[in-house]
Structure formats: structure tokens, C-alpha cells
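Trainee: Residues per chain, in single letters:
Number of protein chains: 2
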Amino acid sequence: MVERRKPISIGEAVKRVMNYAKNGKTEYISITNSYGRYLSEDIIATHDVPHFDRAPYDGFAVRSIDTVGASQENQVEFEVIDHIGAGLITSKNVGPFQCVRIMTGAQMPEQCDAVVMLELAKEMERDGKNYMAVKRASKNGENVSFRGEDAKEGDVLVKKGTFINPGIQAVLATFGYAQVPVAQKPVVGLFATGTELLEVEEPLSPGKIRNSNSHMISAQIERAGAEVHYFGKLPDDFDICFEAVKNALDKVDMLVTTGGVSVGDFDYLPDIYEKLQAEVLFNKVGMRPGSVTTVAQYQGKLLFGLSGNPSACYVGFELFTRPVIRTLLFSEKPHLRKEQAILTANFPKANPFARFVRSALDFQDGRLTASPSGVDKSNIVMSLAGADSLMILPGGTRGFAAGDEVELLLLEDQTGSEWPW
Amino acid sequence: MVERRKPISIGEAVKRVMNYAKNGKTEYISITNSYGRYLSEDIIATHDVPHFDRAPYDGFAVRSIDTVGASQENQVEFEVIDHIGAGLITSKNVGPFQCVRIMTGAQMPEQCDAVVMLELAKEMERDGKNYMAVKRASKNGENVSFRGEDAKEGDVLVKKGTFINPGIQAVLATFGYAQVPVAQKPVVGLFATGTELLEVEEPLSPGKIRNSNSHMISAQIERAGAEVHYFGKLPDDFDICFEAVKNALDKVDMLVTTGGVSVGDFDYLPDIYEKLQAEVLFNKVGMRPGSVTTVAQYQGKLLFGLSGNPSACYVGFELFTRPVIRTLLFSEKPHLRKEQAILTANFPKANPFARFVRSALDFQDGRLTASPSGVDKSNIVMSLAGADSLMILPGGTRGFAAGDEVELLLLEDQTGSEWPW
Numbered sequence: 001m002v003e004r005r006k007p008i009s010i011g012e013a014v015k016r017v018m019n020y021a022k023n024g025k026t027e028y029i030s031i032t033n034s035y036g037r038y039l040s041e042d043i044i045a046t047h048d049v050p051h052f053d054r055a056p057y058d059g060f061a062v063r064s065i066d067t068v069g070a071s072q073e074n075q076v077e078f079e080v081i082d083h084i085g086a087g088l089i090t091s092k093n094v095g096p097f098q099c100v101r102i103m104t105g106a107q108m109p110e111q112c113d114a115v116v117m118l119e120l121a122k123e124m125e126r127d128g129k130n131y132m133a134v135k136r137a138s139k140n141g142e143n144v145s146f147r148g149e150d151a152k153e154g155d156v157l158v159k160k161g162t163f164i165n166p167g168i169q170a171v172l173a174t175f176g177y178a179q180v181p182v183a184q185k186p187v188v189g190l191f192a193t194g195t196e197l198l199e200v201e202e203p204l205s206p207g208k209i210r211n212s213n214s215h216m217i218s219a220q221i222e223r224a225g226a227e228v229h230y231f232g233k234l235p236d237d238f239d240i241c242f243e244a245v246k247n248a249l250d251k252v253d254m255l256v257t258t259g260g261v262s263v264g265d266f267d268y269l270p271d272i273y274e275k276l277q278a279e280v281l282f283n284k285v286g287m288r289p290g291s292v293t294t295v296a297q298y299q300g301k302l303l304f305g306l307s308g309n310p311s312a313c314y315v316g317f318e319l320f321t322r323p324v325i326r327t328l329l330f331s332e333k334p335h336l337r338k339e340q341a342i343l344t345a346n347f348p349k350a351n352p353f354a355r356f357v358r359s360a361l362d363f364q365d366g367r368l369t370a371s372p373s374g375v376d377k378s379n380i381v382m383s384l385a386g387a388d389s390l391m392i393l394p395g396g397t398r399g400f401a402a403g404d405e406v407e408l409l410l411l412e413d414q415t416g417s418e419w420p421w
Numbered sequence: 001m002v003e004r005r006k007p008i009s010i011g012e013a014v015k016r017v018m019n020y021a022k023n024g025k026t027e028y029i030s031i032t033n034s035y036g037r038y039l040s041e042d043i044i045a046t047h048d049v050p051h052f053d054r055a056p057y058d059g060f061a062v063r064s065i066d067t068v069g070a071s072q073e074n075q076v077e078f079e080v081i082d083h084i085g086a087g088l089i090t091s092k093n094v095g096p097f098q099c100v101r102i103m104t105g106a107q108m109p110e111q112c113d114a115v116v117m118l119e120l121a122k123e124m125e126r127d128g129k130n131y132m133a134v135k136r137a138s139k140n141g142e143n144v145s146f147r148g149e150d151a152k153e154g155d156v157l158v159k160k161g162t163f164i165n166p167g168i169q170a171v172l173a174t175f176g177y178a179q180v181p182v183a184q185k186p187v188v189g190l191f192a193t194g195t196e197l198l199e200v201e202e203p204l205s206p207g208k209i210r211n212s213n214s215h216m217i218s219a220q221i222e223r224a225g226a227e228v229h230y231f232g233k234l235p236d237d238f239d240i241c242f243e244a245v246k247n248a249l250d251k252v253d254m255l256v257t258t259g260g261v262s263v264g265d266f267d268y269l270p271d272i273y274e275k276l277q278a279e280v281l282f283n284k285v286g287m288r289p290g291s292v293t294t295v296a297q298y299q300g301k302l303l304f305g306l307s308g309n310p311s312a313c314y315v316g317f318e319l320f321t322r323p324v325i326r327t328l329l330f331s332e333k334p335h336l337r338k339e340q341a342i343l344t345a346n347f348p349k350a351n352p353f354a355r356f357v358r359s360a361l362d363f364q365d366g367r368l369t370a371s372p373s374g375v376d377k378s379n380i381v382m383s384l385a386g387a388d389s390l391m392i393l394p395g396g397t398r399g400f401a402a403g404d405e406v407e408l409l410l411l412e413d414q415t416g417s418e419w420p421w
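Here the protein sequences come in this chain order: A and B. Heads up, the first sequence is in UniProt numbering, so the first residue is 1 and it goes up one at a time. Heads up, the second sequence is in UniProt numbering, so the first residue is 1 and it goes up one at a time.
Be aware that one or more of the hints could be misleading.
Since the list gives no way to pick out one identical chain from another, each pair is judged satisfied if it fits inside one copy or across any two copies.
To be verified - Restricting the straight-line Cα-Cα distance to at most 25 Å, the calculated cross-link-like pairs of lysine to aspartate or glutamate (DMTMM-like) are:
#1 139 <-> 110
#2 160 <-> 362
#3 251 <-> 227
#4 349 <-> 149
#5 333 <-> 227
#6 185 <-> 413
#7 25 <-> 201
#8 15 <-> 332
It should be emphasised that the hints constitute simulated quantities derived from the structure, not laboratory data.
Produce the complete structure using the sequences and hints provided.
Mentor: Rendered as C-alpha cells:
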């Protein structure tokens, strides 16, 4: 007999899952390994930047008062009493009509308040001493970067939950974060189900196909910022399966299974949930592909029963599992970023339910466009290869034409979305 | 004395560098570790997909000829002689008015040519035997996925140079690529220069700043797909520096230095290039920041002398070093992707030279927008943290206003560009 399931809306399904999403834990790692991780704390300026008055150009540090009256007709001469590079400090006391040759980044001598740029100074030597002359007055503060002008101690520079990019690495280094507070990588357990599945190294045999879902989902887990713990393929025996799932739960932050959730005769994941006394949050969603996605919770841990169909599996992971991972990574925008895009091809199929079409995004004169990335049959693995986005075609629509505006979820983006539904 | 240097155009500079760019080497790695690497060979379908005629739905496999004449008034009955799930094959011979209950993905019995969907069949039991009845004729081939319908053996599915995403992992698994041909990660050597530099774990001291460039560039190297070999900070002694640079070259595919390339008195990288008898490809580019970028080649290996200024260093890497790395990774579009964007803020500064402004991209109603990601002074590390793109403001312009269209280079994109200059 075919079991009757009542589909719920995507937004409602996501909401039920997100009730169990929570922030993860912090670990401190070397800045050398922090690129690509997620900050678990706000990054604060630990000192002013610059933390001393500095020269932003190569030139001569002067007391601006000495330059008063300098002009084309009346050049003013300075004795060059020292020469310092970045990182060095002069030990000299700069008196009237004296100056220090200074390089970009060097600290200003205490008595000086302006820098004359190299190009505007005339250098000369006389009696074994160095001099330079200016034909223009400097203002107090001219060509000086003042302490705290770029950042003040205590400023929040980067918010927690942010993906650490090269620029953030520079910020971390500048402020002495040798050890960086990042979110521990969530551990996602993974089981495949399906007697039809061969492992990737096995030769093909009649009626069987290779297990592509585990490798796909593993990469999706990595892309989302988590770590995969692959437990292998569930065997065909209910009791062994039950024990395997139960034991796996202790070792992971959440569990993903692919396949075994249909109403088909060989799908026994629903029975496992029941015996486990896990609470099923939903077992049918009003969407294509992925309508039979089932999510349950057991003692606060989420069990994602994704479809065995590759596309449904892919979409189910991105909509339901990814935001839970990103929340563990402290993101305040854990969902896929949603933007408007122009459809570049006809999509004549009617959509009784919301449909997610694997798409390739592009730009035409600065406008975001979306093209289906392959034949849109849910069994076609190949169209996933070219997908960097998912087009959302709302339910109850009769197909779309090239030029129509559609909503697009971006898969390779780190910005995310607060609540796209 | 200030050395005179002749600036060349950005396009000419990139071209001179790319003369020395070449494809890298292949290594075979386990599919388990291949996510995020770059394919070094085209991926070919090693068999048809599906590789047998299969049922795309749960239902009953029938001989369509037996359903001829079925209608609301005239239901046709079939004996159900077997029941197979995905991965299984029936051993039965399906005769007239017999059928096999079949699950999604299972191989079609040899004698059958159509599947009646579960919802359209009426099931019953009689005398311990199973039957089902249909009220509609099936066509030959109806609800059957035929061998080779998704992909034919020999089809090129993914081109070399492509970043391996989750969908490509699925393709690799499907076709039995247990070992995946990927580009060896190029090794990029890195030296910092500058007596003003403290390491990240050192406390601040007067006149000194922490070395942020090495950490930033290391992350840029990783983002580009290569591996960093950090040799530390070059000491202040010319001969030691020369030996260090010379020895490093043997260990790496290319060498990046930050700082030491100005015309400043403490910048001796030009002398190192000279003593090495390296050919300087250029030492000044008509752009801001980064005009003093110097690139040389020694026996075909590139030496990137990037500015010590963080922003100039960042931009120089992305324009000149990244495409060389991506070419080693077999990309045919090794340069940063360039798109049109709408400027969201005024940028009143005149640009005698092409200017690259660190920017944050966003979308407004599907249109790409760009906002400067912080105060645009080249010494400000903080504006790099929010940068996911570089706005190009052409030289010889008098500033830009919100709403103007600008060109934008995307930093976090895997698609790239063939030749954006």
C-alpha cells in the first residue's frame, strides 16, 4: 500500500529544521591555517592604526614652522641630520631648520609635524654635510598619517561568522592574532543506502550503478564548511541498520543519509526513526526535486533523510542541512543567498510544486542571468557538474520563457541570506 | 638620486608575464580528496548513462502490446510474477499478461518495454497470486529511461582546468574515477622584506608594524589554488639576501617577495635581480596602487617583486601572479573575471593612472553593484577585509559618481576570464 504523506511548504520545513540550529564551539588555531575558516568571535582592533605618527611617503620630516615664507623666490634650506627607514627611529633632536630624511612607513621624529615629499625637495652637499631646500611652505600635519587615523583600539573590524579571506588574514596579522578564534568544524555523519550501489572502484555490473551521492554530499559538506564522517553504505538488514545509525549519532553533530526515505518497499529509514523514537519534523515537502526529504531530531540532533536521487539529494542538502552547518559556524546569514536573475532559456514545463532547477549563472551587461545547467531530469548527474546556482520556479506556474525574471540561489557564495523564504 | 622608471600599461605588463605561464603537471589523487582541486584532464563518460534500460518511477514493468485496448470500460489484468528493487534483476521470463513490480532505478526485464506507474495500477490478490489491472494503454517505451539517454560513452563531460565542485564529484564517482587526474598544486615561494616588520606573535614596538603581507599573500596563494612555501623575512644583508633568493628558486615554481622594490634607499631587490642576471620584464606599471611592481624571470621562473604596501601587494598578486598559477592549474581562463557593475558611492578622486579600488559587490534587483570596501588609502589594511572585488577606474578620468557604470574584477570566482585587458 502507498503511505499517504502530507507535504508542507519549503519555508515551513526550513523553519522546523532551524528550530534545532545553534551556534557551535570555538577553537583557537594558528593564523597560518585560518584561511577559509569562519570567525567565531568579532575581531577587535587591539591597538590604534597606525600606532604612531608615520610618514606615508618618502621625503623629509620637517618642523612646518620653519617652512613659513618658503616660495619660488625664497627657498628655505634645511640641514639633513639623519636618515631613517621604516621600522627605525631617529635618536636625534630636530632643531630649527633641521630635518630628517625619512622613508615610507617610518615613525615621525618627535619635533616634526610635516613631510616634504622627495620630489619637491632639492638635495645638496656642502662641507661634508647634507642639505635640502624647499620652495613651498608645509602645513602643520601635511603628509603625516596620524596615530589612530585608520582604526582606533577597540573598534570591531570583522564580525563573527565571517569567512576568513586574504584581507581578513591581513587584519588578523596586523593586530597580533597569532591564534585565531574560529568555529570548530561541525562533523556531519553520512550513510548511503541502496542495494543498487557499487563503490566508485567497483566495475559496473548489470542493474547496478555507482554510488555518486556520497561523494557529492561529502563535497557539499566541505563546501558548507563542515567535515564529513562517512560511515559507508547501510546494509540490507534492519537491525544492523538501526544499530549503525544509533551508534553513529554519538560521533557526529548531525547525520545525513541518502536514499531509503521513499514510500518504496525497500525504504526502511522511516522505521529506523520510529524505533529510535526520533521526532519526524516532516517527511514530505511541496517541492521538486526532493519532495520525499525527511528530517527528524533525536535529543536535539538532526537526522537528514535525503532522497537517493542525486538531484533531490543535492537540493535537500543545500536547503535544509547547509543552514544548520552555517549556524554552527556562527553565521547570521546561514541560508543560500537569493538574488533576481534573468532566465536565458525557455522552461516550458508546468510546475505544480516549487521547482529548483540546477543552473549556471552568468552576467549580461551587469545583469545576473541563469541558464539551466543541463537536461532537467532529476536522475541526471551531469547537470549538477555545471551548477553554481539553483533557480526557483514557484509552484502553480505554467512554465517560463527566456527573458523572464526568476529567483536564484547562489551555491558558491559566502555572504548568505538571512531568511530567503 | 631618484631612479627614473618608465611605466608600461597593465595589459602589456600582464602579457609579458603570461609569456612565461605554462600548464603544470598531473597527479592522481583519491576522489575522497579531490573536492576543490582542478582537473588536469577532460573527464570522459566511461560508459553509457544509464548503462541499462531502467525504470524512472516505481511501478509495473509490462509488455506494452498486452495493454492495447485497455480503457476505463475495459480494464486489462496482469499477473505480478516478481518484485525487484533498484540494483536487482528479475530472473523470470515475462510472458503475455504478466508483469514485474519494479522500483525506481531497477533494470527493465528483457521482455518489457513500458512501466505503468504505481498510482495508475490497481493491485489485488487472488488464490495466493498477485495481480494488477490497468485502464489505459501504455506506449512502447513509456516511462522507460533508455540506455545512453543521459550520456554516451566517450562524451566529454567536464573540461580540464575546471574547479572540482560537488556536482563534478558526482560525475567522477558515477564514471568510476576512483583516482582523479588533477593539477599538482604549484608551489609559490614567499619572502617578506622590511626592517619595520614584526612577526604576528611579537609585541608592538616603537616605529614597527606587524608583517601582515605574508599572511595575506599566503591566503591569496591558497585562494588561487597553489601552495605557499614561506621562507621568512629577508635579512638586512645584501649577500645573505642574494643567496636566500637564489637557493629558494630551486624549491619553488615561482617566487613572490613583498617590499624592497621601490626606489627607496633600503630597497635592494633590483640589485638582487641584477646580480642573479634575471631579466626584468618591467619595474613600473601605470596603475594605482602597485605602480612599483617588478616582475623578472630567471631561467623561465618568474620572480614577482610586489610592493610592501598591503593594497599594492594585494592587487599586484591578483593581476600578475594569479593568472600564472591558474595556468599551471590548466585553466583556459586564468585571469580574474571582469563584469560591469553600478557604482553605489561617489568616488571624486581624479585618476591620472588606472586605479583598482577594493570593493564589496552586491546585487540590486539583479544588477551587479560595487561599493568601495573602506577608506581607499593604500595603507589601510582594513578595507581589504571586506573586499571581494576590485573596481577598475580607468586612468585619465576625473572621478566617478554613484550610478556610474564601472568594470569590476571578481576575486572569489572560479570561472575566470580569458583576457580582460
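Trainee: Could you run down the list of hints and mark each one as holding or not?
Mentor: For each hint, the structure was consulted:
Taking the shortest alpha-carbon separations for residue 139 and residue 110, only the intra-copy value of 16 Å comes in at or below 25 Å, while the best inter-copy value is 93 Å. In this homomeric assembly, residue 160 and residue 362 come within 25 Å of each other (Cα to Cα) only across copies, at 20 Å, whereas the closest approach inside a single copy is 30 Å. Proximity of residue 251 and residue 227 under a CA criterion of 25 Å is satisfied intra-copy only: 12 Å inside one chain copy versus 32 Å between copies. Taking the shortest alpha-carbon separations for residue 349 and residue 149, only the inter-copy value of 19 Å comes in at or below 25 Å, while the best intra-copy value is 59 Å.
Taking the shortest alpha-carbon separations for residue 333 and residue 227, only the intra-copy value of 20 Å comes in at or below 25 Å, while the best inter-copy value is 30 Å. Taking identical chains as interchangeable, the C-alpha atoms of residue 185 and residue 413 lie at most 25 Å apart whether they share a chain (18 Å) or sit on different chains (23 Å). Only between protomers do residue 25 and residue 201 lie at most 25 Å apart by alpha-carbon distance; the minimum there is 24 Å, versus 37 Å within a single protomer. Taking identical chains as interchangeable, the C-alpha atoms of residue 15 and residue 332 lie at most 25 Å apart only when both belong to the same chain, with a minimum of 15 Å there against 43 Å between chains.
Hint compliance for this structure: every hint is met.
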